[in-house]
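Listed in order, the protein sequences are those of chains C and B. The first sequence begins at 202 in my numbering and counts up one residue at a time. The second sequence begins at 16 in my numbering and counts up one residue at a time.
I should point out that these hints are in silico values taken from the structure, not numbers from a laboratory. Ideal placement from N, C-alpha and C gives every residue a C-beta, glycine not left out. Treat the hints with care, since some could be wrong.
[Stated by the list, open to error] Sample of chain C residues with no beta-carbon within 10 Å of chain B, all distances over it, derived:
| no. | residue |
| --- | --- |
| 1 | Leu231 |
| 2 | Gln241 |
| 3 | Gln261 |
| 4 | Ala267 |
| 5 | Met286 |
| 6 | Phe293 |
| 7 | Leu397 |
| 8 | Lys408 |
| 9 | Leu443 |
| 10 | Thr446 |
| 11 | His448 |
[Unchecked claim] Here are the simulated DSS-like pairs of lysine-lysine, each with C-alpha atoms no more than 25 Å apart in a straight line:
| no. | chain 1 | residue 1 | chain 2 | residue 2 |
| --- | --- | --- | --- | --- |
| 12 | B | Lys90 | C | Lys469 |
| 13 | C | Lys294 | B | Lys144 |
| 14 | C | Lys294 | B | Lys154 |
| 15 | C | Lys216 | B | Lys90 |
| 16 | C | Lys216 | B | Lys154 |
| 17 | B | Lys90 | B | Lys154 |
| 18 | C | Lys469 | C | Lys294 |
| 19 | B | Lys89 | C | Lys294 |
| 20 | C | Lys294 | B | Lys313 |
| 21 | C | Lys408 | C | Lys469 |
| 22 | B | Lys143 | B | Lys154 |
| 23 | C | Lys469 | B | Lys89 |
| 24 | B | Lys89 | B | Lys45 |
| 25 | B | Lys90 | C | Lys294 |
| 26 | C | Lys216 | B | Lys45 |
| 27 | B | Lys45 | B | Lys90 |
If you want the building blocks of each chain, they are given just below.
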Amino acid sequence: MLNLIRCEFFKLRRKSLLRGLLGLSALLPLLLVLYELPNQRGMTGLTEAYKAGRFDYYCQCLCVYAFVLLMPCLVGVLSCFLFFMERDNDTFKNLRTVPVSAGQLVLAKVMTMLLLELLFSTLIFGFLALFFSLFGIGALTHGLSMFLMFQVCGLLLFAVSLPVVVLVVLFNGSTLISLLLSFFCSILGWASILFLSQLAAGNPRWKLLFPLHPTLCTMQWSSWFFSNLADRTQMMQMDLFLPGTGHTLLLDAGVAAVSLALVLHYYKRWTR
Amino acid sequence: MKDCIIETKNLTKLYGTQRSVAGVNLHVRKGRIYGLLGRNGAGKTTTMRMLLGLTQPTAGEITLFGRPLQGNEKKILPRVGSLIESPGFYPNLTGTENLQLFAMLRGIPNENAVRSALELVGLPYRDKKLFSQYSLGMKQRLAIALAVMHEPELLILDEPINGLDPIGIAEIRSFIRSLCEERGKTILISSHILSEIALLADDIGILDHGVLLEEEPLAELEARNGRYIHLGVSDAARAARLLETRMGLTAFRVEGDRDIRVTDPEIPPETLARTLLEGGVELRELHLCEDTLEDYFKRVTGGEGIA
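Just chain B, with the same shape it has in the complex (with noise of 0.2 Å):
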């Protein structure tokens, strides 16, 4: 694709006789952000160390703003701010001491970045507070803040909202949108929380056991999987011979023997219940039913959840 920031091809990641990551071919467009799921050791964090370099993928390639990673880290890395699971600082030293050191270790010359970097989070500038002494959803955003200080073309987030408190989740969550929509970055996020995936998310990737098993827009994946009506009946054998000579319907499904499932949504209720009934199959439930993620991502990858 054209207009990709990340573009992997085949990526795979082996620890010893254990596969990690297998054949992933990653697509992330510009300007968007991109939900990658999975359940916990699905391979999130390592797709994510490899596209930074931080480890070596066993075979495929990556590319980053149309170049190989390999060989170009020192033209390609500081245009990428990044969250690799927990955040990292030096203990001794106060939050903005951290980012000071961080700033003339990236050359940034303009003094107002950790300034800046620290009001966008919420943490106070020149606070004398040691980070050894910050709470979890402060290191976060501390975290936050440095992968966002140098103004980089795409952010790569591990789990950003871990360890915040609810109204900080919706403080990130915008300030995420915002950095999206208002400054134009590229944003590769992951989350075990699909809600908020979904409340984030412009694409989505699924990964399960290494391997994406879905990459699609959220609008599309929506629109395709996201509506269907649940019919509950005496009979669903006999409902589903109905559905096929009466209506021409295909567009279902038959989950046991008394549920249906009808994915094409546009289909009236009425039509349907009186199509049942005429048939002499009994109707005990009809809904309109709507897919959450959760439920999208428990299917795709065979029906646990995501914890």
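Chain C extracted, bound-state conformation (with noise of 0.2 Å):
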């Protein structure tokens, strides 16, 4: 397997893939550092404890919203590369005849982008903190737990946009056909959160429906998880919806085993 995922890899020798996600990795965190710059002109003598709570919350910031909505466009792109490969240059008959089996394929190719979306989230984690220590406006005091946060979060919100690969492998269409599929499920997938948060802010009995939303117990579970004391008793107060790790991660771990299952089930027509 770990030479499955070497070959992917190798695969993907001078596409521009890496290139954009670099760039895109550095995007969001400049972005973040333009919008928060004119939020501290003119402040002075701003302690380390207000710097690193600045830090803390774009960090949650970017790992709560920024990565729901990212998060199925690269699971689209990405898969877009990797699966569209064999099909668009005919060397599926190359690798079977190695052989290499679909589901082989399927995992490493999934296993790929698993290692992509860490790559990812190292890297806009890193240049959240260069652009914050650069600027001065942030201060990376718990440098390890948000770090730990933005692969958990980031880790979680790739197992729930796996169903996204089970639709570019369903359709089998065209690359920007799959690209369009994507932004739409990550537009579709916060529509239903906002949705659903705008139903239960009428009616709590909404709140029922919240543990079998999967990016929406994602969400909630690692806005518990990661806040601090102080916070989460707040949280507690407001009577938010609190799922335990337990239901977070099989609810996760479930979404991403029949995605897989898809997957490989239409996958395998291809290479039929």
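Starting from two chains that each stand alone, build the complex the way the hints lay out.
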């Protein structure tokens, strides 16, 4: 399997994917810096605690909101690059006669996507820390825990975004159509969260649906898990939906497992 | 057959209701080159795809190296090298990188395997040219290099000389021949260029509309069907009677009103001429003819050319 994953990375040589990933991961923190700079203009004598708080706040914003919106797009783009490579270049036959089975190939591709996602979240975190330190608007006091949060959130949101891969493989269309499809999924996912939250604001009984929505569940769990004690007390007082770790992990793993099974099912149709 | 590397029994492939391959019994013997002939759409590629496990047969059995292919792919396929249809590689990689990728997947420990394979087909090692910039001939050579890189015992090559120039065809032909003669490889090859197959193959199989019509060694086929005497006469019916009654000859065929084909080329032409002239039949032509593989192919498949 390691060999297969190595080969997946080898196949990406001279592709613009890694450059794009690098650009995107730099762009988001830069936008946040540009947003925060005017807020701090004229403020003097900022304490380290304040700066650490700002950095932590933006870390959480990026994790919970930006990742939710970006992850389906990222997963869609990566799956287009990785899953269409064999189809577009007629290399299935070469791989199948090695022999590499469709299952091994799907698993290698998903693992490659996961590694690229981890790289993406590491880069975002790195750029955020770099820019905030350079401009002196934030301090990396809880660096390790924030980095861990990036990786865990990224991993869980990657898992719940895998249905996008199912759609990409199922429709088996052009790259453009697949990219549009993943952007549509991203917006639809976000809209469904807003819609449910809106409904719950009017009638708290709608909150019963929250544990069934994988993205919403992951968002809420991440906010809870990585918040400090004061925030947690506040969250509990606000009577927010607070899913347990076991529930979240189980739900996300379930989505990932079903998605992988469907991807394999549809991918086998291509290779037959 | 005991020494068969490839053996199929009633191999059949249906696409919906359309029959692509029907009850094919193929026998490819060890250390020989087997030429599979057939028109476009005859089922050659489908047969080869089934032999490589790329397409599942609807019915029938495939045995490679004495083992059924089904369920033994992991043991059998590493012993096979193949080129099926057009060469498929990653366009953003160079030829060397493409081969390195598959060497990595195949777990080839020999660092020089890629270099040797490229040298064998006349492509430069570590060339910076990307696969997308290759000519059709170079792509075909790279595909052949991929097929032989891991030193397989069996090669399945579907139209390997497609896109090659005449010199390239000759080079690849002698390369394939040397693989068989010097390295003892067994080769199953298909081509629509019959003259090439005639120069290369030891055994011939003729596939038409998914059915294997003939399968025999080329030498036998040439000996049996290769030569005949063509007689151009004024009255074919009368000439036929004379050949039967005066010479006791039965190995001939009347072709129209004025032509006779004597299928036994060993009969002395002067005896034939004398018999006909003495019987009052005017003899216009007498040729000793040799059937090409294409003639034989046309005869077996029912007249039309291969393309």
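Problem set entry | Hints not upheld, ascending by number | 5, 6, 15, 17, 20, 21, 26
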